[in-house]
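Visitor: Turn these sequences into a full structure, and let the hints steer you where they fit.
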Amino acid sequence: MTLYFVQTAQLDANSPRGAWHACVCPGTAVWSLCLVMRWADDTADDDWEVATNAQAVYAENLGNVVPPIAVTALGPWGVVPTDTIRQALRKVKHNWPVIAHVVR
Amino acid sequence: MVLIADGLAPQSYGIGINMIPGDPAFQVELQRAPDSGGSPGAFATITTLPPMPAAMTYVDILPHDNAFRHYRWRHIGPGYDPSANWSAIGRGKPARLEGPAAEGGLISLYPIVRGRPLSDGKFALQATEIDGSTKSSSAHNPQASIIPTPADPTILLYKAAGPATGRMYGILRRLSSYVFRRPDGSTLTAPATNAYSRPAQPTLSQVVAGALGARTRWVRVFYLKFMPRSGNNIWVIYRTSIEQSISLSANNLLKVTAPPTVTGYDRWGLMVGPTSNNELFQRSSVDAVPFGTDWTEPVGGADLTNGSPYDAQMDDGLTIEGLTASTNYQLYVFFDSTVDTPAGGVFRIGANAGGAPPAGIDTAAAADQNGDGMIPLSFGVSVVLPVPVGAGSNSGNGAGNPKYQ
Numbered sequence: 004m005t006l007y008f009v010q011t012a013q014l015d016a017n018s019p020r021g022a023w024h025a026c027v028c029p030g031t032a033v034w035s036l037c038l039v040m041r042w043a044d045d046t047a048d049d050d051w052e053v054a055t056n057a058q059a060v061y062a063e064n065l066g067n068v069v070p071p072i073a074v075t076a077l078g079p080w081g082v083v084p085t086d087t088i089r090q091a092l093r094k095v096k097h098n099w100p101v102i103a104h105v106v107r
Numbered sequence: 281m282v283l284i285a286d287g288l289a290p291q292s293y294g295i296g297i298n299m300i301p302g303d304p305a306f307q308v309e310l311q312r313a314p315d316s317g318g319s320p321g322a323f324a325t326i327t328t329l330p331p332m333p334a335a336m337t338y339v340d341i342l343p344h345d346n347a348f349r350h351y352r353w354r355h356i357g358p359g360y361d362p363s364a365n366w367s368a369i370g371r372g373k374p375a376r377l378e379g380p381a382a383e384g385g386l387i388s389l390y391p392i393v394r395g396r397p398l399s400d401g402k403f404a405l406q407a408t409e410i411d412g413s414t415k416s417s418s419a420h421n422p423q424a425s426i427i428p429t430p431a432d433p434t435i436l437l438y439k440a441a442g443p444a445t446g447r448m449y450g451i452l453r454r455l456s457s458y459v460f461r462r463p464d465g466s467t468l469t470a471p472a473t474n475a476y477s478r479p480a481q482p483t484l485s486q487v488v489a490g491a492l493g494a495r496t497r498w499v500r501v502f503y504l505k506f507m508p509r510s511g512n513n514i515w516v517i518y519r520t521s522i523e524q525s526i527s528l529s530a531n532n533l534l535k536v537t538a539p540p541t542v543t544g545y546d547r548w549g550l551m552v553g554p555t556s557n558n559e560l561f562q563r564s565s566v567d568a569v570p571f572g573t574d575w576t577e578p579v580g581g582a583d584l585t586n587g588s589p590y591d592a593q594m595d596d597g598l599t600i601e602g603l604t605a606s607t608n609y610q611l612y613v614f615f616d617s618t619v620d621t622p623a624g625g626v627f628r629i630g631a632n633a634g635g636a637p638p639a640g641i642d643t644a645a646a647a648d649q650n651g652d653g654m655i656p657l658s659f660g661v662s663v664v665l666p667v668p669v670g671a672g673s674n675s676g677n678g679a680g681n682p683k684y685q
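First to last, the sequence lines map onto chains A and B. Reminder that position 3 of the first sequence reads as 6 in our numbering, one-by-one numbering, no gaps. Reminder that position 26 of the second sequence reads as 306 in our numbering, one-by-one numbering, no gaps.
Rather than coming from a laboratory, the hints here were simulated on the basis of the structure. From the three backbone atoms N, C-alpha and C, an ideal C-beta is built for every residue, glycine too. Misleading hints may appear alongside valid ones.
[To be verified] Below, computed lysine-lysine pairings styled on DSSO-like, alpha-carbon distance capped at 30 Å:
1) B:Lys373 / B:Lys683
2) B:Lys415 / B:Lys402
3) A:Lys96 / B:Lys683
4) A:Lys94 / B:Lys683
5) B:Lys683 / B:Lys439
6) B:Lys439 / A:Lys96
[Said to hold, decoys possible] Covered stretches of chain A, going by a simulated chain B footprint (3 or more residues, C-beta under 8 Å):
7) 42-55
8) 70-78
[Said to hold, decoys possible] Derived list of chain B stretches under chain A, where covered just means 3 residues or more per stretch with a C-beta under 8 Å from a C-beta of chain A:
9) 402-411
10) 547-557
Guide: Below, the structure written as structure tokens:
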């Protein structure tokens with residue numbers, strides 16, 4: 004299971020091969036969050052990341068401060084510049100419960 | 281009947297005729313004909329039997345003359361013309377009768393015996409169809425499992441969006457056909473959702489009525505299927521049409537001509553809007569319109585406030601509307617080949633006990649997808665539809681457990 008930050012147009016043009024959920028970011032429709040629950044095969048993740056330039060949110064980075072684009076994209080859901088990625092995702096969870104699989 | 285020489289017991293001869301009613305609600309007329317060079321002579325009615333719920337045997341007591349007789353039967357009933365379809369003709373010679381058969385007449389009314397092979401060497405199931413197949417699961421209850429037809433719920437793409445709670449909508453699409461493989465090796469193809477029957481651009485007109493001012497209205501129409509147990513108040517929308525507009529004069533009401541009937545859909549419905557691509561679903565009970573009936577705008581005008589709005593993806597998929605924001609709907613999606621038979625069948629969505637799309641695990645909806653003749657896409661929920669907050673937009677695909685994969 005992997006969470007990505009991906010451009011909406013790229014996602015629309017290249018759906019992940021597997022089971023996935025996505026939401027358009029409320030602050031800018033250019034970006035979407037995409038949660039891939041499972042991949043259809045061993046190369047589906049690599050192929051999709053190359054095709055879309057999607058940025059994975061890795062667990063080891065959850066303690067980092069959110070990047071500025073995330074504040075813009077997720078600000079309407081209460082994300083502020085001082086939030087860690089974990090804190091931001093908890094705020095996202097209130098509006099996109101699917102992400103409960105990633106952050107608790 | 282004759283007495284045998286020892287005088288201890290009567291002995292009789294006759295011919296037994298086995299009959300299985302084609303319709304257990306009707307009486308049976310049985311005829312006999314003498315033999316005429318190997319063919320039946322003139323038939324004459326020998327008895328009329330009451331309606332029989334199962335197979336029966338009638339014994340025709342005859343002299344012990346070793347002569348052939350021919351028999352045929354048909355259904356009759358008070359108030360009905362006698363059936364024009366006689367049974368096949370059976371022929372036999374009198375044989376010695378024992379036990380209850382010696383009394384003659386209707387001697388046996390018995391359950392169908394399934395422990396005896398038919399002409400193909402196989403045994404009778406509880407067939408509901410005239411070709412011996414069945415659409416009832418009852419005969420399969422001892423099997424106690426779902427027939428293993430593999431399926432993958434990730435084939436379905438979803439979109440959930442809308443302006444506000446109560447006006448959110450969810451769309452399911454599958455843009456190429458999908459082949460189900462049955463355990464006997466046969467296949468069944470589910471057509472792409474954008475290959476379902478789509479009504480043509482609607483025909484609009486106006487009728488003199490009401491007191492509304494001049495206005496322009498845009499309209500799309502669609503076919504619909506009621507959700508189970510919804511009381512015909514909640515429906516799934518299939519493929520919205522191309523829009524059509526009309527300039528309505530003051531004191532006139534919009535009239536929309538009904539699209540042609542398509543087998544399996546329950547009714548047709550429509551969206552109405554003030555401008556292009558801004559139509560809203562009309563969702564009162566009278567807005568699920570019977571086939572053959574045109575729709576006329578209420579005197580207060582079309583509802584331009586409450587329905588979910590049009591989305592271009594609705595042209596290619598199936599839609600549920602009027603959803604609650606910030607809710608994860610649990611969709612039990614299944615294939616039903618009896619709806620939209622020109623296309624080859626459609627995907628449907630199971631409903632909760634109240635007839636609505638379930639927002640949680642729901643056994644009623646699960647039962648719908650496992651219903652007779654249906655092919656579920658998963659053992660349980662096949663698509664989790666995370667409806668966002670108002671003005672949000674989510675997408676994804678079916679993430680339920682793939683069935684047998």
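Visitor: Hint by hint, say whether it matches the structure.
Guide: Evaluation of the provided hints:
no. : hint                : verdict
1   : B:Lys373 / B:Lys683 : violated (58 Å)
2   : B:Lys415 / B:Lys402 : holds (18 Å)
3   : A:Lys96 / B:Lys683  : holds (29 Å)
4   : A:Lys94 / B:Lys683  : violated (34 Å)
5   : B:Lys683 / B:Lys439 : holds (22 Å)
6   : B:Lys439 / A:Lys96  : holds (18 Å)
7   : 42-55               : violated (count 1)
8   : 70-78               : violated (count 0)
9   : 402-411             : violated (count 0)
10  : 547-557             : violated (count 0)
The structure fails hints 1, 4, 7, 8, 9 and 10 (numbered hints given earlier, in ascending order).
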